[in-house]
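Please model the entire structure based on the sequences and the hints provided.
Residue numbers (this note's numbering), protein chains in the order written: chain Y, 223 to 437; chain L, 223 to 437.
If you are wondering where the hints come from, they were derived from the structure by calculation, not from laboratory data.
Honestly, I wouldn't trust all of these hints.
Some chain Y residues close to chain L (C-beta under 7 Å, calculated; not the full set) [said to hold, decoys possible]:
hint, residue
1, Asp235
2, Ala262
3, Gly411
Far from chain L by the CB rule (all over 10 Å, computed), these chain Y residues [stated by the list, open to error]:
hint, residue
4, Asn278
5, Val284
6, Glu285
7, Pro323
8, Arg336
9, Glu359
Idealized CB from N, CA, C, for every residue including glycine.
Protein chains: 2
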Amino acid sequence: MSKLRFRISVSLDGFVAGPSQSVQQPLGIGGEQLHEWVVALEIWRRAHGKKDGEVNVSTAVVEQELANIGATIMGRNMFGGHPGPWSDTDPWNGWWGRNPPFHHPVFVLTHHAREPLMMEGGTSFTFVTDGIESALEQARRAAGGQDVALAGGARAAQQYLNAGLVDEMQLHLVPTLLGGGERLFDNVGDLHGLGLVETVAAPNVTHLKFASISE
Amino acid sequence: MSKLRFRISVSLDGFVAGPSQSVQQPLGIGGEQLHEWVVALEIWRRAHGKKDGEVNVSTAVVEQELANIGATIMGRNMFGGHPGPWSDTDPWNGWWGRNPPFHHPVFVLTHHAREPLMMEGGTSFTFVTDGIESALEQARRAAGGQDVALAGGARAAQQYLNAGLVDEMQLHLVPTLLGGGERLFDNVGDLHGLGLVETVAAPNVTHLKFASISE
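Below is the structure:
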């Protein structure tokens with residue numbers, strides 16, 4: 223069966239966003255530090271229509287992360303921080319612009335129903351209101367045999383981790399402190415059989431890959 | 223000047239001890255998992271008068287950690303979890319037994335004055351009641367040009383980190399969740415110029431070394 227592969231950048235003190243998150247500051251105070259390692263990469267810049275950028279050991283990690291992904295699941299805040307309820311005339315289509323970098327179906331966990339959005343470049347956003355298992359089932363179907371990415375945020379991740387539904391977890395550990403914000407592992411406490419299988423040291427980040435291990 | 227070198231084992235969710243710490247269970251529920259990587263090592267077992275044990279990439283990390291240390295600073299809980307106040311007739315000499323594994327002067331941060339303890343094998347415990355800077359000054363003097371180890375626990379570490387007095391920080395990141403307990407970086411939020419300088423992947427642990435870096 224296709225795997226559910228979760229990946230996220232997290233600070234040394236366990237936050238995936240800094241304090242005082244808002245629509246104006248979606249990553250909270252200092253939260254951009256979590257993504258400096260990736261936005262500097264040539265592979266990331268190319269995917270976002272930009273030139274130049276670095277090639278280093280993180281490049282292969284990102285390549286592997288993007289490979290064989292046929293659909294993505296994300297929480298509502300990651301889609302766009304809109305408080306909802308949606309309306310069909312709502313101009314708000316998330317953070318991601320007209321041509322989002324996914325190029326495959328994206329399933330957004332929300333309590334507010336909304337018609338799917340078809341974007342340029344092959345990305346669609348489908349809004350799922352009946353829970354994480356329904357979203358995973360729809361995403362697996364849409365992925366057509368490929369894997370499903372779980373892109374965050376923290377609350378979506380916590381739900382899938384606690385349900386034991388995550389097959390692979392790639393943490394991008396950024397060696398900085400945020401001092402507050404959204405904690406990745408709040409109310410988790412159990413990795414449900416996921417164990418560390420690979421560590422990659424890279425500039426400004428340590429990549430820690432977890433997968434199901436025999437107990 | 224001699225360096226203050228902090229080292230501690232920490233869970234993936236940022237705890238240095240599990241929930242429900244007590245004199246009976248000083249590391250809290252599940253906290254022993256944080257030390258499984260080290261107690262399995264031949265170098266650790268030998269230092270504690272035991273035979274056999276593993277040799278792996280963590281061995282060199284532990285060797286470096288022990289090298290050139292002339293004194294150790296620790297918090298009261300790490301000395302022995304005694305609620306205090308001490309008394310000279312108190313039979314309680316901490317967790318460490320008659321021949322503790324330090325073999326050099328140890329300075330214990332406490333609010334309760336007590337006469338120094340001279341143990342077998344060259345370890346002494348001196349109880350410091352006038353704060354972290356005094357303890358560091360006394361430890362540096364006792365270390366005779368060698369470095370000073372800061373052994374924990376979390377509260378002692380937080381005080382030294384917030385004062386910007388830590389020159390080196392070695393985190394032994396254990397890929398497990400404790401779900402609660404004593405958080406290493408509570409109320410810190412700033413590494414005061416410490417940056418990641420070395421990552422070592424080892425069985426059941428990832429060693430992350432931080433040192434002062436030019437900004």
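We went through each hint and held it up to the structure:
no.	hint	in the structure
1	Asp235	4 Å, holds
2	Ala262	16 Å, violated
3	Gly411	2 Å, holds
4	Asn278	14 Å, holds
5	Val284	18 Å, holds
6	Glu285	20 Å, holds
7	Pro323	28 Å, holds
8	Arg336	34 Å, holds
9	Glu359	27 Å, holds
Hint compliance for this structure: hint 2 is the single one not met.
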